[in-house]
Amino acid sequence: MSSTPPNTTARLVVRPALAEALARAGVADEPQAAAVVYDPFTSHLASWADVESALTRAFRLAADAKREAAPIVFVVDGAAVYGHTGPLLAMLANGLLGAMRNQAVEGQRKGISAYAVTASSAPDADLAPVARAVAWALSGAPSSGQVLYGDDPHIGRPAA
Amino acid sequence: MSPTAIVTGAARGIGAAIAERLMTDGHDVLLVDLSSAVVETAERLAAARRGSAWGLPLDINDTDAPQVIAGCCEAGRVKVLVNNAGITRDAMVEKMTEDDFLAVLRVNLGGAYALAMAAIPVLGNDSAIVNVSSKSANGNFGQFNYAVSKAGLIGLTRSLALLLAPRVRVNAIAPAFTHTEMTDAIPHDVRAKVVSRIPFGRGAQPSEIADVVAWLASPQASYVTGQVVAACGGRSFG
Chain A
4 MSSTPPNTTA RLVVRPALAE ALARAGVADE PQAAAVVYDP FTSHLASWAD
54 VESALTRAFR LAADAKREAA PIVFVVDGAA VYGHTGPLLA MLANGLLGAM
104 RNQAVEGQRK GISAYAVTAS SAPDADLAPV ARAVAWALSG APSSGQVLYG
154 DDPHIGRPAA
Chain B
78 MSPTAIVTGA ARGIGAAIAE RLMTDGHDVL LVDLSSAVVE TAERLAAARR
128 GSAWGLPLDI NDTDAPQVIA GCCEAGRVKV LVNNAGITRD AMVEKMTEDD
178 FLAVLRVNLG GAYALAMAAI PVLGNDSAIV NVSSKSANGN FGQFNYAVSK
228 AGLIGLTRSL ALLLAPRVRV NAIAPAFTHT EMTDAIPHDV RAKVVSRIPF
278 GRGAQPSEIA DVVAWLASPQ ASYVTGQVVA ACGGRSFG
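Chains as they are written, first to last, in our numbering: chain A, 4 to 163; chain B, 78 to 315.
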């Protein structure tokens, strides 16, 4: 990945700490920008309704991005992808991976990219690697449809 | 008599084939489906196979449906739960309505989650849950809602596998194109194009999917949990 901030803009639907990390990585928040970053930024879901709400928001953002031929990046909880955080968060994280992959398939012919970047939902998580991965994904990166790892629990099983 | 296996979406197609295969393995099966045809399917299977089959017409999305299903079963007696109920409402994402997004999400994922949670008390030791996901979890034209729901099922599978181990094994199957009444309605040229991408050169028969589900649910898979088995004729890498 490039170490030079790409100085791009995106519509950031993300936790405040990630917005700050993205700014440091050269991605500025611009509500009218032709790029979207969606981070459900939660470490707790109370019920199925919360899963449904977060995935519906992803659907709306993806539909808008497709209409505008804009790239989209979904930030997912890395531990939840592997089911380590309970069914609700696992359904959300993997549902977002399905959203990302479908967006990449549908956008392929028009060059509309979609990525997912894993992150920790912990309040004290280091989001700098996540932000760098998002910046790279928004920089016209050539491998749409991929998961980029911005955290480390994918290597073996993390502590419970 | 109380069921030892529950299969949703069982009136026809893959679900009916799974119910039939489980009966061959000696299960007494509760077949659940939105369609009232599930009663006839159960009667047909009961007449043709040794064992009992019950048909329960029910909308898996009804708030009390999971409890109604679990209430038909004796605590600890159920050995197999197959979450197979699923619908499609295809459209490219920018043209997909929110109603169609939610309809698919609620049946395919929300229904499976609610039933799995409700069934935990009736599942016995060494029992198995099998969730019917799809190769489309990796994305497919016009199936944003379906991809989200089927990928979400993989997350549900992994998390329940960890939560319920070692008492209950939880796995998923990801079929590719399978010949059913639903897919037979697809225009011939579209079907031919889909099938041409499958290294086997044909779609699956429902019985071939049912065989894999039965294996995942059987003691032969006693050390397999949290996995997704692609039953796709090589499509996932072809």
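In short, the hints are calculated from the structure, not lab data.
Hints may contain errors.
[What the hints assert, rightly or not] Listed next, the in silico BS3-like pairs over lysine-lysine satisfying Cα-Cα at most 25 Å (straight line): (1) B:K212 - B:K270; (2) A:K113 - B:K172; (3) B:K172 - B:K270; (4) B:K212 - A:K113; (5) B:K270 - A:K113; (6) B:K212 - B:K172.
[Stated by the list, open to error] Every beta carbon over 10 Å from chain B, so not counted as near; a handful from chain A, in silico: (7) T11; (8) A26; (9) A36; (10) A66; (11) A93; (12) A96; (13) P132.
[What the hints assert, rightly or not] Stretch-level coverage of chain A by chain B, calculated; a stretch enters the list once three of its residues show a Cβ under 8 Å from a Cβ in chain B: (14) 51–60; (15) 84–91; (16) 104–118.
We put the CB at the ideal spot given by N, CA and C, even for glycine.
> Taking each numbered hint in turn, which are not upheld by the structure, reported in ascending numerical order?
Replying inline: 10, 11, 12
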